[in-house]
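Build the full structure now, drawing on both the sequences and the hints.
Residue numbers (numbering that gives the first Met the number 0), protein chains in the order written: chain V, 0 to 338; chain R, 0 to 239.
Just so you know, not all the hints are guaranteed correct.
Claimed, not checked - DEER-style ranges, computed between Cβ atoms:
id, chain 1, residue 1, chain 2, residue 2, range
1, V, Arg62, R, Gln200, 18 to 28 Å
2, V, Asn105, R, Gln200, 21 to 31 Å
3, R, Gln168, V, Glu153, 55 to 65 Å
4, V, Gln126, R, Val203, 41 to 51 Å
Everything labelled a hint here was simulated from the structure, so no lab data went into it.
C-beta: ideal position from N, C-alpha, C; glycine also.
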Amino acid sequence: MKDSLILSFETSCDETSVAVIKNGNQILSNIVATQIKSHQRFGGVVPEVASRHHIEQITGCIRDALNESGMSYPDFDGVAVTYGPGLVGSLLIGVNAAKTVAWAHNLPLIPVNHIAGHIYGANLVKQIEFPAMALVVSGGHTELVYMPKEDDFEIIGETRDDAAGEAYDKIGRVLGINYPAGKQVDQMAHLGKDVFHFPRAMDKEDNFDFSFSGLKSAFINTVHHADQINTSLDKNDLAASFQAAVVDVLSDKTVKALKEFPVKQLILGGGVAANLGLRDRLKKDLTDFPETELMLVPIHLCGDNAAMIGAAGAMLLRHHVFADASLNADPSLEFEYIS
Amino acid sequence: MKVLSLDTSNQPLSVAILDDNRLLATTTITTHKKHAEFLMPIIEDLMKKSKLKPQDLDRVVVAIGPGSYTGIRIATTVAKTLAMTLNIELVTVSSLLNLALNFKDSQLLINPIFDGRNENMFTGLYKFHNGQPENVIPDQHTDLSEWLNQLKATNEKIIILGEIDSFAQKMKEKLGQHIILADPLKSIPSASELGIYGLHQKPVKDVDSVVPRYLRLTKAEADWRKLHPKEDTSNYVEKL
Numbered sequence: 000m001k002d003s004l005i006l007s008f009e010t011s012c013d014e015t016s017v018a019v020i021k022n023g024n025q026i027l028s029n030i031v032a033t034q035i036k037s038h039q040r041f042g043g044v045v046p047e048v049a050s051r052h053h054i055e056q057i058t059g060c061i062r063d064a065l066n067e068s069g070m071s072y073p074d075f076d077g078v079a080v081t082y083g084p085g086l087v088g089s090l091l092i093g094v095n096a097a098k099t100v101a102w103a104h105n106l107p108l109i110p111v112n113h114i115a116g117h118i119y120g121a122n123l124v125k126q127i128e129f130p131a132m133a134l135v136v137s138g139g140h141t142e143l144v145y146m147p148k149e150d151d152f153e154i155i156g157e158t159r160d161d162a163a164g165e166a167y168d169k170i171g172r173v174l175g176i177n178y179p180a181g182k183q184v185d186q187m188a189h190l191g192k193d194v195f196h197f198p199r200a201m202d203k204e205d206n207f208d209f210s211f212s213g214l215k216s217a218f219i220n221t222v223h224h225a226d227q228i229n230t231s232l233d234k235n236d237l238a239a240s241f242q243a244a245v246v247d248v249l250s251d252k253t254v255k256a257l258k259e260f261p262v263k264q265l266i267l268g269g270g271v272a273a274n275l276g277l278r279d280r281l282k283k284d285l286t287d288f289p290e291t292e293l294m295l296v297p298i299h300l301c302g303d304n305a306a307m308i309g310a311a312g313a314m315l316l317r318h319h320v321f322a323d324a325s326l327n328a329d330p331s332l333e334f335e336y337i338s
Numbered sequence: 000m001k002v003l004s005l006d007t008s009n010q011p012l013s014v015a016i017l018d019d020n021r022l023l024a025t026t027t028i029t030t031h032k033k034h035a036e037f038l039m040p041i042i043e044d045l046m047k048k049s050k051l052k053p054q055d056l057d058r059v060v061v062a063i064g065p066g067s068y069t070g071i072r073i074a075t076t077v078a079k080t081l082a083m084t085l086n087i088e089l090v091t092v093s094s095l096l097n098l099a100l101n102f103k104d105s106q107l108l109i110n111p112i113f114d115g116r117n118e119n120m121f122t123g124l125y126k127f128h129n130g131q132p133e134n135v136i137p138d139q140h141t142d143l144s145e146w147l148n149q150l151k152a153t154n155e156k157i158i159i160l161g162e163i164d165s166f167a168q169k170m171k172e173k174l175g176q177h178i179i180l181a182d183p184l185k186s187i188p189s190a191s192e193l194g195i196y197g198l199h200q201k202p203v204k205d206v207d208s209v210v211p212r213y214l215r216l217t218k219a220e221a222d223w224r225k226l227h228p229k230e231d232t233s234n235y236v237e238k239l
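Put into structure tokens, the structure is as follows:
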């Protein structure tokens, strides 16, 4: 079969990224310009600031991605772009840049759902086999996605309030950790013990949905109460207790999903997939599912990047999923929810 | 020289294709603000009707702001990406000047206005000499009363145009006969004028560093800079 070559764009939040992906699984280049340092000034992503950074970065990233890959426009089979979900002002930069490049070089435009990108990040390591299940956990998303085949994404469970990563950032603030707090909370959790036994919301309910807002409140109340009576709590224990609650719920629901939907692979993707506590827990839980292979997206590809969008784009190209020049950003784009 | 010019700074969207001073095709829409959806299909369509391929273009001229932040980002993203990807020239023009160009044959002072809401405006004052603009008062983000003080000092007749609905009456009250309201048709930016003006301007040297002319910091950024006046603002974004 002829090689496929995709130029891909990702600008859904605070990373401007352009990549060149061969055959849906080989990274020829993956340029990521991150704005974290800018938004750290404000304790979180400020959407208008994010949009302004994206437009500063976008053409430089395209140039670098092309140079590093050694490819030129006639080599490409398509231009893939994240068109949602995400921050609308951020998405619009990638969508407009991608449409422009596609039109200028007469290339097909491939619209990619950001969540599909996080899942297809796994394909950059090993080919995904179907049926598959994906747990996508990030600052904006917490979803269980069932995939009977490669172009079929069904949400079977999702968060009803905060995303898991959002909860990490919020309790991180209480612990004095700047956004994004996930990595440091994870490190502290490994030094502490679960002594506070925070609630595991919805853990026993007969569905695959999540809720993290109650956990966040329980955490904040515990810290405030201690402050009021002038006791100090061990921060590592707080982190460990919080993380234990998050990981318990994520893994319990995932295990429940695997029992109802037997799959060949379980994929863990999204920014929070870099969490070592979560990775270790799923490795342990998956020993009960010998037929199911655990596919951990490598840590350097868990954060937002265009390589994963190119991997998903290559699959969509095979299925002739194309958009025309009227493609718009869709900030609340979702897969179908199957209940 | 084949030129593509575009302005999506506010509610109107205007695109034109020119061959030197000759207009080949143009479209202007004022009824929608769906620039992200409409801009590329309109460019495609006008290029087809002009019997041109993207590779035939020599130059892109874009109205770079001020204006709606999203609006100026859409045109600027398309323009800088096109210039980069086709390796052609990029000319940026003030969106206020582009509006003023509708009166390039007038002897009077020209005052284009974009509504910044709550009595605020993006505005500037222009005068043309043989069709060449002079920016008499620089483009700025200001409020109505401050702007009226600046205009009063000129003591000349001024044509106001653009998004003037919330300002016209108060401007007339304060400056009386000096204020002349533009014909509504001339309050709509024209990509044809933009393209012809852009033919004779110098292209930017570094396409990658082109950003919209917001003329206003975000609130978060402004507050931060007040507290950290000496911080280096050039390294907030890092390549991994």
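Comparing the hints with the structure gives:
1. Arg62(V) <-> Gln200(R): 18 to 28 Å: Since Arg62(V) and Gln200(R) have Cβ atoms about 24 Å apart, the given range 18 to 28 Å holds.
2. Asn105(V) <-> Gln200(R): 21 to 31 Å: Between Asn105(V) and Gln200(R), where Cβ atoms are some 29 Å apart, the hint holds.
3. Gln168(R) <-> Glu153(V): 55 to 65 Å: At roughly 57 Å between Cβ atoms, Glu153(V) and Gln168(R) fall inside 55 to 65 Å, so the hint holds.
4. Gln126(V) <-> Val203(R): 41 to 51 Å: Holds - the Cβ-Cβ distance for Gln126(V) and Val203(R), about 45 Å, lies within 41 to 51 Å.
Of the numbered hints given earlier, the model fails none.
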